[in-house]
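Student: Each chain is listed here by its residues.
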Amino acid sequence: MNIHLIKNNADFITKSALFFCSILFFNYSIIFSQDCSYRMTFEVIDLHDSSPLEGARISIQNIDEIGFTDKKGVYKFENLCTDTYFISISHDECQTVKLEIDLKKNINKKVRLEHHFNELDQIMVVSENRNSSRTLFENKISKEVLDSYNSRTLGDVLNIIPGVSSLESGNYLSKPVINGLHSSRVILINNDVRVEDQNWGAEHAPSIDINSADNISVIKGASSLQYAGDAVGGVIVTKTSRPKLVDSIYGNIFSKVQSNGRGGSISTNLTKSKSDGWYSKYQATLKKMGDFETPDYIMTNTGFSERNFSIKTGLNRIDYGFDLFYSLFSNEIGILRSSHAHTAGDIINAISNQIPNLIENFSYDINHPKQKNLHSLIKLSAFKNFDFGKLKFGYDFQINDRKEYDIRRGDDRDKPASDLNLQTHSISIDLISKLSDNSNLKTGILGRYQKNFPDPDTGIRRIIPDYKKYDFSIYSVFDYTINNDIFFESGLRYDYSHINAYKYYRTSFWESRNYDELFPEIVVEDLGTQILTNPKFNFNNISANIGIKFNVSSNNILYFNYSLSSRNPNPSELFSEGLHHSAGRIEIGDLRFGAETGNNFALTYDINNDDYSFTANTFVNYINNYIYIVPTDLMPTIRGVFPVWEYLQDDAKLFGFDLKYDRQYFTNFFLGHQISIIKGYERDNDKPLINMPPVNLKNQISYSIPEFNNLNLSLESEYVFRQNEYPNNNFEVYIPTEDTYVTLDTSTPPGAYHLLNFASSVGFNSENGGNYKINLRIENLLNNLYKNYLNRLRYFTHEMGRNIMLSVSYSY
Amino acid sequence: MKIFKYALLAIPFLYFSCDDDDDTPDPVNEEEVITTMNVTLVAHDGSGTVFMSSVDNDGEGPNLPEVSVSGPISSMTSYSGMVEFLNELEDPAEDITEEVIEEADEHQVFFTASSGLPLEFAYVDVDSNGNPLGTQFVVAPTSEGATGSGTITITLVHEPEKPNDGLSTAGGETDIEVTFTVTVE
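Which chain is which? The protein sequence lines are A and B, in order.
Under this note's numbering, the first residue of the first sequence is numbered 582, with each subsequent residue one higher.
Under this note's numbering, the first residue of the second sequence is numbered 30, with each subsequent residue one higher.
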């Protein structure tokens, strides 16, 4: 697996640099002739199945002659003189291959192109060929590093990229934060499908199995208009690799055990491919962990289990192809027992105690409170090449099912407290066309229907209401190569969204927010203590971007990108109005919110030499109508006093930079350094934004001995500074047991911390042609006790202590 | 542009489910909500009854609970106390106290007098393990004739550690917590 970082980009690479074309020579038949009567015959065939490639363009540059191969893949140049000819051979979806031929006789050349199929994946282009990545900037991380992350979550893995951090709710639930933005501002595209459950709130981790992905790209700066117009923070794209075009069976088995959580995972994938293009691919993962531990105590009820599998089958031919994909992702996650349903007094106790008030012996049991998630996806995609370009079609249907279990009494004990079912159908058509030799146009439309059903049988008022949503989008992206050094890209997207919701409001809340005067027309029925309403919203959003890549010199590249993105308020931001049990707080949304628009400017300078590389990335993001949630008040209820967290909408600015410097010393030593700084403020009063990632400094030293089974040893250091800029949202709370007023300090961030990690790996070849790889990784080597500002459970618990992970993988 | 032909083809798909069915979702009547706490103190010397209550019909909604105390507590006598929890959103009101007693080993009621208030509490009822429950209790002046004013806080905790040394270390989660302002005279 590879992770690629694509910064400041316009990421639409329509050119198929993906295609790694190779050329082999066969059959030199030698016939002597006279001057200027020589013949050069080319036969262009597919490297894999030896099928002829029709329509390959062959040109002799110095005499300006151009030909196209026939059905047998053959083209002849006649009447050539003795000379040195510069030949260029290209085929749709292949890089141009150049040959220099010293012609002294008739020549028959069989040219074998390795012809892969450009499925539906543009990001793969970026991952496979760095030099072709237009206005994109990418950053590769070695497979060795990633293998050791294999049973971690997506959020954990992405953490290693500069400028990306994760927002956590415990050890398993982590969401990526890109340049300070997260949740519905970061769009996840898994297998070309938008993962739809990110609008449910911050403690809902993405349903993506990283073992099923072969590469992950992070597109910062929200400019990936082909995927979404509302990615104010950025887009994360996970992909599986394309099957090989040979008769083959290949795959791998991966297993891992770890000390913290006393569990492990096993994962396998198998691909069966045929040279005629048919293939099938199977993948499955099982994970099981018990309670995790800090250096001092066990975090009771933090274990989880996860079971996933996927099947992909299809046909890949030169001009057409299709894929059918099905995946099922399911997990059950324990939530730290001591973190639930807290009154203000309980939170004060927890903060002063520093450790959870319930610590039991280690267990694999997952008790309440817990989450159960099920995500299934069916996807059909197809493409066909026409003379006007490549046309792609995609349809997907996904079901996200989430049950949250709380501590309850009596008959309701085993009923979920929240039971959400979200079904989404999407249909899309894209066209990639080449306008000229140096310009491309990519256009597409998308329609989507979504229905959310919160089951009322829970006996608890719905957190997210019933709603239906209809989306329609159209986009267009144009790229133009001005000359060898300047490349330009620009895109435009329009999104229409209609939401039709049914929501029960408490009458008292409805009136206290003045909604009875603002929105009398949406009331459907008055039930006394509750009011049924039918809010409808229409949003029309425009998003756009411009990107320029400038080659300062061959190793020095400058990237600039501006993007405009628009995000609609999500259902929790619009409709929340009550106690969020798992968060122990009353959350209040606002029906009056409008769309949030981001203006992101990013500038990257990249130097890449043989022995060192340096990247400086800086960004400024001006977000109008930025929606955020902060504590605003305390609410006495009969259940106790709860902090009230209210969604607010204000103009915000975020800016920051990431630096990365890697250097190779001798042949064996590698030193890597990176630092990320992000600042975020409200624009009108310069008040710091809540939950901005603190400054983060990472250093790494590695030593490798290739002769000794590719032994690699590395030591990583991560220093996270204390976040000194935070809004003060503290309150005075009356504590009856002590008859005093105490400050409820939910604002003050925890202190700085330093972690050391150790990683090592070796690889062996087995006798039957497969290979083994063994990884040993130790995280938090010094077993430090620390708290993380971006963990929502930080009031109740510390972070994980030392974790020793051993993994073995076998590829065949 | 041919693309627009294809775009047109997609439109029927987009609106295939636009015909909204008019099924409105059912309301959720919360079953476990505790809207009301009633506390009855019966004087052992026959001098009378003190009744305290807190009612919050909109739960976590913006309306504050209505808290009332019928009168002063006498410093000259002890009282038998009884706590009752109700869900008055249901009709007839559901008595949550029964559930609490059924699951006595998972519940405990805590009584906390503020420092200036000369009152002491003692548990009467116990769970199956012999640990205190607290739906019935005795309250008495710390010494006969001691007067003062302050607050009594009554807290129902779900899944506390039992036995425990008091509210601050019992853990669990607060199901209901009401503070009454009282005088002892």
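Incorrect hints may appear among the rest.
DSSO-like, lysine-lysine: derived pairs with alpha carbons at most 27 Å apart [claimed, not checked]: (1) A:K853 with A:K1354; (2) B:K191 with A:K951; (3) A:K996 with B:K191.
Derived from the structure by calculation, the hints contain no laboratory data.
Source: prediction; values computed, not measured.
Student: Now, for every hint given, state plainly whether the structure supports it.
Tutor: Okay, the hints, checked on the actual structure:
no., hint, in the structure
1, A:K853 with A:K1354, "22 Å, holds"
2, B:K191 with A:K951, "23 Å, holds"
3, A:K996 with B:K191, "25 Å, holds"
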